[in-house]
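Colleague: Sequence:
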Amino acid sequence: MVDIPGPTLDDDTAAYLRRHGVRSVCLFRKNVESETQLSGLCADLRAVMGEHALIALDHEGGAILRPLFWPFAPGAMSLGAAGDEALTTDVSAALARQLRSVGINWNFAPVLDVNVNPANPVIGERAFGAEVELVTRMGRAALVGHDRAGVAACVKHFPGHGDTSLDSHLALPRVDKPREDLEAGEFAPFRDLLPVTPAVMTAHIIYPALDPARPATLSRAVLTGLLREEWAYDGVIVTDSMGMKAIDDHYGRGEAGVMALQAGADLVMALGRREAQEATLDAIQAALDSGALDAAQMRASVHRLEILAARYPAQADDTLDPQADAALLESAWARGLSAYRQPVAPAPGSRVLLVAQAKVPRENVSEASVDARTLADDLRGVYDVHLHAFEDPAHLDWNALRAHGLPVILATTSRHRHAALRGVRPDLHLALYNPYAALDVDAPALVTYGFQPEARRAALRWLSGDLSATGTLPFPA
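Take the sequence shown: its letters are residues 1 to 477, numbered as in the UniProt record's numbering.
Note that these hints are calculated values from the structure, not bench results. One thing to keep in mind: the hints can contain errors.
As the list claims (entries may be wrong) - Derived pair list, reagent style DSSO-like, types lysine-lysine, alpha-carbon separation capped at 30 Å:
{"no.": "1", "residue 1": "K177", "residue 2": "K245"}
{"no.": "2", "residue 1": "K245", "residue 2": "K30"}
{"no.": "3", "residue 1": "K359", "residue 2": "K30"}
{"no.": "4", "residue 1": "K30", "residue 2": "K177"}
All chains should be modelled from the sequences, with the hints used to inform the complete structure.
Modeller: Next up, the structure:
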């Protein structure tokens, strides 16, 4: 699996895909401009890659959405807070319909990580919660929704990314737990849902209880010994991006690609610059020629991928209208809204001081968050808003802010949990991105699990007194 440079399939890239027999592509924000453009790109990709084409992207909901022109779906933790399997199935089906409408047939979702580490820098609200039972229940519902709508789901990040303090995009994490703890915790949702799981994505994490030397992506003990043999899984295994530093900083691209296939992966995600992709492709071909890769094993992998593509063809369904799900998704955001420490909204029409980060850029896997001016404009539908926009929360003078004599509303709009905000005491905290920020700020909080327009409208309805926060924080508080 490779990625491509831009929003169209140019002649050079098409020739490259044909030359190497590539039949799977992962799309990113750089490949997406409009609904019509995306549908055309997918049609062109299928024409080049053939009937067994797999066109994938990360379309989890929340902050992990590449197309920004469809109604926004809530992320996993918002659905976990609502706690309703039927709602999760409906939202997941809506996400899948969005993709199928343009010809994308593979969604790298849902996340089955059990987020037991509040300091996790990359999972957080992308998980359904911190309890195995909740994650398993909601994960099953999400898988049902995808299948119902005709798009292949891919659970991730096997065997679990929920108890790390490092982001595998940037470093190589370790999970130092005994096997029995892993079986009861991280492993459980993956193991229990394998019978209804079309595909599994691997984690670039070392689990010493299984393999003290290699991350799961490159470990035969994990992918073949545990997943294939012990758990008898015969669906597709795909690696996470091999361009992530957890792999790229420790192994050569070609070497890592071969190691992943030797470990038991069916598909290597060789993303990034063309030279890195070709290094992977060349190394795999050389390993096949030398016998370092077992030809029968590779044929079995190709067969699994063809079964997946045949079951979920990459054909656009122009009878689907993603806008038809707008009301469902709006309601779903409202269902997840959660109260922490019994927050009370200032009286509508009163003057308030809004403290918010001026701009929050795109953060690694996530799209850019809402800026302070947009948020202030939103709140002006309820209040007379005085805005204090900051660049760095470490430079906030809370005594000076209090001196205004106004109710202070702090909005946190970043995935990053700022140490400078620990213990501060606004009158109300709007946790509009990372829900764990509610644990840092010493104030009652309304938790939305997202910054998208639908999430902000739910918050405005609560501030206006038109909506109750009926969700439950799906982690210890």
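Colleague: Of all the hints numbered above, which does this structure not satisfy? Sort the numbers upward.
Modeller: When the structure is compared with the hints, only number 4 turns out to be violated.
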